[in-house]
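There are 4 protein chains.
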Amino acid sequence: MNKYAVILGNLGNTRDRFLSSGYKDQPDQAAMLRQAAEIDGIQGVELVGSWDITDSTVEEVGDLLDKNNLQCVSIIPDLFAQKRWGGGSFAAKSASVREQALEETMKMAELARKLKCPLINVWPGQDGYDYPLQGNFPQERAWLQEGLAKACAAYPDLRFSLEYKVKEPRTHSYLARAADTLLTAVGTALPNVGVTIDTGHSIMAGENMADAAVLLQQTGNRLFHMHFNDNYRAWDDDMIVGSIHFVEYIELLYWLKTTGYEGWYSMDQYPYREDGQGAVRESVRFLQGIERMLDDAAMDEIGELIREGNAVKSTAWFRSKVFNLQ
Amino acid sequence: MNKYAVILGNLGNTRDRFLSSGYKDQPDQAAMLRQAAEIDGIQGVELVGSWDITDSTVEEVGDLLDKNNLQCVSIIPDLFAQKRWGGGSFAAKSASVREQALEETMKMAELARKLKCPLINVWPGQDGYDYPLQGNFPQERAWLQEGLAKACAAYPDLRFSLEYKVKEPRTHSYLARAADTLLTAVGTALPNVGVTIDTGHSIMAGENMADAAVLLQQTGNRLFHMHFNDNYRAWDDDMIVGSIHFVEYIELLYWLKTTGYEGWYSMDQYPYREDGQGAVRESVRFLQGIERMLDDAAMDEIGELIREGNAVKSTAWFRSKVFNLQ
Amino acid sequence: MNKYAVILGNLGNTRDRFLSSGYKDQPDQAAMLRQAAEIDGIQGVELVGSWDITDSTVEEVGDLLDKNNLQCVSIIPDLFAQKRWGGGSFAAKSASVREQALEETMKMAELARKLKCPLINVWPGQDGYDYPLQGNFPQERAWLQEGLAKACAAYPDLRFSLEYKVKEPRTHSYLARAADTLLTAVGTALPNVGVTIDTGHSIMAGENMADAAVLLQQTGNRLFHMHFNDNYRAWDDDMIVGSIHFVEYIELLYWLKTTGYEGWYSMDQYPYREDGQGAVRESVRFLQGIERMLDDAAMDEIGELIREGNAVKSTAWFRSKVFNLQ
Amino acid sequence: MNKYAVILGNLGNTRDRFLSSGYKDQPDQAAMLRQAAEIDGIQGVELVGSWDITDSTVEEVGDLLDKNNLQCVSIIPDLFAQKRWGGGSFAAKSASVREQALEETMKMAELARKLKCPLINVWPGQDGYDYPLQGNFPQERAWLQEGLAKACAAYPDLRFSLEYKVKEPRTHSYLARAADTLLTAVGTALPNVGVTIDTGHSIMAGENMADAAVLLQQTGNRLFHMHFNDNYRAWDDDMIVGSIHFVEYIELLYWLKTTGYEGWYSMDQYPYREDGQGAVRESVRFLQGIERMLDDAAMDEIGELIREGNAVKSTAWFRSKVFNLQ
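So the protein sequences, as listed, match chains V, Z, R and X.
When we follow UniProt numbering, the leftmost residue of the first sequence carries the number 1, and every step to the right adds one.
When we follow UniProt numbering, the leftmost residue of the second sequence carries the number 1, and every step to the right adds one.
When we follow UniProt numbering, the leftmost residue of the third sequence carries the number 1, and every step to the right adds one.
When we follow UniProt numbering, the leftmost residue of the fourth sequence carries the number 1, and every step to the right adds one.
By construction, these hints were calculated from the structure, which means they are not laboratory data.
Don't take every hint at face value.
As the list makes no split between identical chains, a pair holds if one copy fits it or if it spans any two.
Below, computed lysine-lysine pairings styled on DSS-like, alpha-carbon distance capped at 30 Å [stated by the list, open to error]: (1) 24 to 93; (2) 321 to 67; (3) 93 to 321; (4) 83 to 321; (5) 93 to 114; (6) 116 to 321; (7) 24 to 67; (8) 114 to 24; (9) 83 to 24; (10) 313 to 114; (11) 313 to 116; (12) 3 to 93; (13) 150 to 321.
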């Protein structure tokens, strides 16, 4: 049975650069947690630092989680949503900012321990560059890896999962794709550093999601965490899972199962104009539909298809499933 | 009932720039026509000038079509597969080449009359430009429209359908997207000039296929013809229909039905490494699956979804269909 | 001599979906206008409704413009930056919202008259759709055109310029590319409706900017306005002009000159992390550099290159200019 | 002084999938080598197996090279241009084909020794997959790495440089981007295995070319070889260097110099409709122009710009250079 979770903010207000007040009203945290708990299958939430959790609210949040029978499956340090991170966090040109990134990450690790949350999902979204002749590549990549290594070494009881994204908010990120992020993770020489695949980030990077997952699993089971959403391939549209693509999610879930992925299936969307709970529920239901489809017989059939590699047969298999044939 | 067809060459050898001998062996024409006829649902074929049909073979081809109970649903003049077209056809800088393009198109119109084929599918694939400071935009667009108008005016009993493609073989084509091609068609001031949507070309142009189809139908029912294939959005991969996308084909077929499209559903693929007949058969079966799905009840349901525009409900509807719920 | 302008907000704070407080502090309007006036070459500004100008501030803004020797070259009605526009403006499913879009646009037309501003730049950025099975294409396109026609017919002394953008904030816009927007403009049957090319929007739509400009100019000089910025082709990065591309801007300015474009060259950027004034100044300087390059001799040389279409020669010409050879 | 070379086939006929006879006539090898030698700056050529060199022609080719004062700087085994490779080479599902890929590569290594050519450029272009549910990712990636390791271990006196490309001829390649190819190179545990950056492949993968180069150099100087061409970012257009992009090549050459790259600058284009010699000459001249621009003062200035990271200043620096200001 797959374990489903959601990033709490999916249920709140969503902004973009044109409508910075947001498209919706912001519910309070208790309401968002209740909404999360109401979604069939959801057993956990991810919390973003400063948006969802701080030093002073950790007890209260813990109580609300308990009350709603929800686990905190990951904390995402806020390394991207404050003015001070505008020029980067772990890879910022400013030594003071780099220090603050480390502090912020370790503060979140403390909160994770308090909530018995096993994983820190690190998305250093502002670490990168926008223009040619701007990035100091070797220096900044070194800072990034060193800072991450310091934080991760200090909390060996926690797992740190690096989330990559090829661009946005910068035009180029340092943690851009599965393979380069794996290099950074392995470069720390620490066993508690792995990689998060956000399905939308993988798609927009031009990766095949399943191939990326296998690459990480083949290298010491370094796939630590999964974020789910869908898009039109060119941008991080953060849409309902399965609203655009289908068979590629089947392929992904097949390989997650085959390679023994044991982490969470966590929803990460931006339902700008949609009801948040409805949008997340649809994503979970879609993935549950595939989970049911992938019974033992189907797993064997796909295994055989993959060994043979005949695209006509692979397509026919998918068609027979979705049109409920045979 | 939709009418299905196939471009004959789909069943033959396929080449690319690295493997110019092709990935497969070339069957003879009789074999290809037999293979086309064997595919359930296929009632017609499209023939490419010089590849599939010439002055001297038209009788023989007509006999083979009759024997296989196939109609010739369109002829595609060869304006792209000879050295002389390297710099363009109707929009070439050479007056002599422009004249040859007109002659070639009119020659194919003559053959179409002989075969009782009602439509000429014009793809001036070499008309465009590759580099900055190369295209003489106003002059070349004018030549293109004038040349097309001459050909189309000469055969008022035939329909001429202009197929657009944003790029390849040039980096930029003059007939690039639905709207600009519609402008060219309307610009001829002739009623027998319309537009072909190739689904893959539309996807790679960043269009929503259904929206493009509606645009053409709204302007005097100018959608004359449809080519079907699938791709990964960034290039004309010419893959099996439904191998990547799904719900967008449902939306397309919904709108084709709603706007009264009465043309053919013709397969246009490049099954480089696949069995051609199998690849085409899968495409037809996929579209037939959607056709069956779109019964009266489903048409009403989609109509209601579209009036409301609630993405959660639209996604739920699709999910309930493909996982066979309810 | 080209006339340069800037959208006033370029000099203010810039937000994105992650950092909704913005990357910078917001200067007051007087400071922004002073900064605009300080940039060599800038003679005009564009004002965005509700952000930069309202009923109650129009006098004050007019005074500030005079004081800084700046013209108001366009007003951009706010049809995108309020919660009520989340589901669209002229093409919204809600009749009340469509009515409000019309009112808002006409209110801005009144302000334009007061400021002797000759042009309304209409960007109905929320008019489109995000998901499959969501857009009611023919109905919503009809509403859009009808609403625009009403507003434009009411102010025949003003020019209305429709700005297209293929996506963002929606995944698909109704005014997406040059040709479809031209169809809408022409569809109003009004002479005072034209099209704005935003260079970044054109690039991200896969267009060649110059070819798009020519298309609009060839159809009754319908290119009314120009917005300038640069990007990496896949998204509206709104960067400094010339920071990524070069020769394509030369081609664009060549054709603007050749086709008699007499409108403004207005900067439209999002300098998230940059000094706004500096970023705009660089863009103007870059365009001025090209303007100087395009002397009579260069215009003749390019004309000859374009007639011949030899890419080796065209590239050599560009190289000789930028490396200052010969 | 940079060392310039060219892939010999650039000077010959070029085909695509529509015009498999090619756009030009094929000169003989002596003529192509003479043309290469005539280009100022070109000192070496790369030869493609079966197209340019075989067991039986190696002596003759060697003589022609000597006669034209050209070095053979790399041999590219033909692992992509024969029917047998249609389903892959080192990663093919067929054990016999995998064995043939090894043999072919080793045969080319023998020829390299004979010609005193120091490098084998391995592009296993057919190793990948096209459709979902087709690739057996872990197995095929393992085969690829094992096969490469066998070949490279057998010729420790030669360098093997793996060329990546995100797609084409497959829709997905196993050696897709810099980082994953580096993982494969490092995975062989051999010091003579590195990576080739083809600038166009890097651009179309969404990489910043310079950042990719630095990543490879930082990991044991694994950047062994460089191929140069330009494109519109979305596809491998193989155009004249500098015909589209400019400042990004400056950044690349800056970092190649800074990180001590000592390999060749080899042209790799597909001048479909252009004079081959002219197109290659333009590319070399463009790179030489940048090479001259990057004098000691400029290197220092860029170093300072990169440490500061101010995009306005970086853009201003570039502008001052290309418009010859100051």
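Query raised in the report: For residue 114 vs residue 24, is the C-alpha pair at or below 30 Å within one copy, between two copies, both, or neither?
Result: neither (32 Å within a copy, 35 Å between copies)
Query raised in the report: When no copy is named, should residue 313 and residue 114 be tagged within, between, both, or neither for a Cα gap of at most 30 Å?
Result: neither (51 Å within a copy, 39 Å between copies)
Requested in this report: Pop the pair residue 93 and residue 114 into one bin, within, between, both or neither, using alpha-carbon distances up to 30 Å.
Outcome: neither (32 Å within a copy, 48 Å between copies)
Query raised in the report: Under a CA distance limit of 30 Å, which applies to residue 150 and residue 321: within one copy, between copies, both, or neither?
Result: neither (48 Å within a copy, 42 Å between copies)
Report task. Tell me, please, which holds for residue 313 and residue 116 at an alpha-carbon limit of 30 Å: within, between, both or neither? Result -> Cα proximity of residue 313 and residue 116: none, with 47 Å in one copy and 37 Å across.
Requested in this report: Since the copies are identical, ignore which copy is meant and state whether residue 116 and residue 321 lie within 30 Å (CA to CA) inside a copy, between copies, both or neither.
Outcome: neither (41 Å within a copy, 40 Å between copies)
Query raised in the report: Between copies, within a copy, both or neither: which fits residue 24 and residue 67 at Cα up to 30 Å?
Result: within (26 Å within a copy, 40 Å between copies)
Query raised in the report: Between residue 83 and residue 321, at a C-alpha cutoff of 30 Å, which is it: within one copy, between copies, both, or neither?
Result: neither (49 Å within a copy, 33 Å between copies)
Report task. Since the copies are identical, ignore which copy is meant and state whether residue 321 and residue 67 lie within 30 Å (CA to CA) inside a copy, between copies, both or neither. Result -> Neither way: residue 321 and residue 67 sit 40 Å apart in one copy and 36 Å across, limit 30 Å.
**Report entry** Intra/inter-copy verdict for residue 3 and residue 93 if alpha-carbon distance must be at most 30 Å
**Finding:** neither (39 Å within a copy, 34 Å between copies)
Query - Status of residue 321 relative to residue 93 across identical chains (alpha carbons, at most 30 Å) - result: between (53 Å within a copy, 26 Å between copies)
Requested in this report: Could you place residue 83 and residue 24 in one of the four classes (within, between, both, neither) given a Cα distance threshold of 30 Å?
Outcome: Both, since 23 Å and 7 Å are each at most 30 Å.
Taken one by one, the earlier hints fail for this structure at numbers 2, 4, 5, 6, 8, 10, 11, 12 and 13, listed in ascending order.
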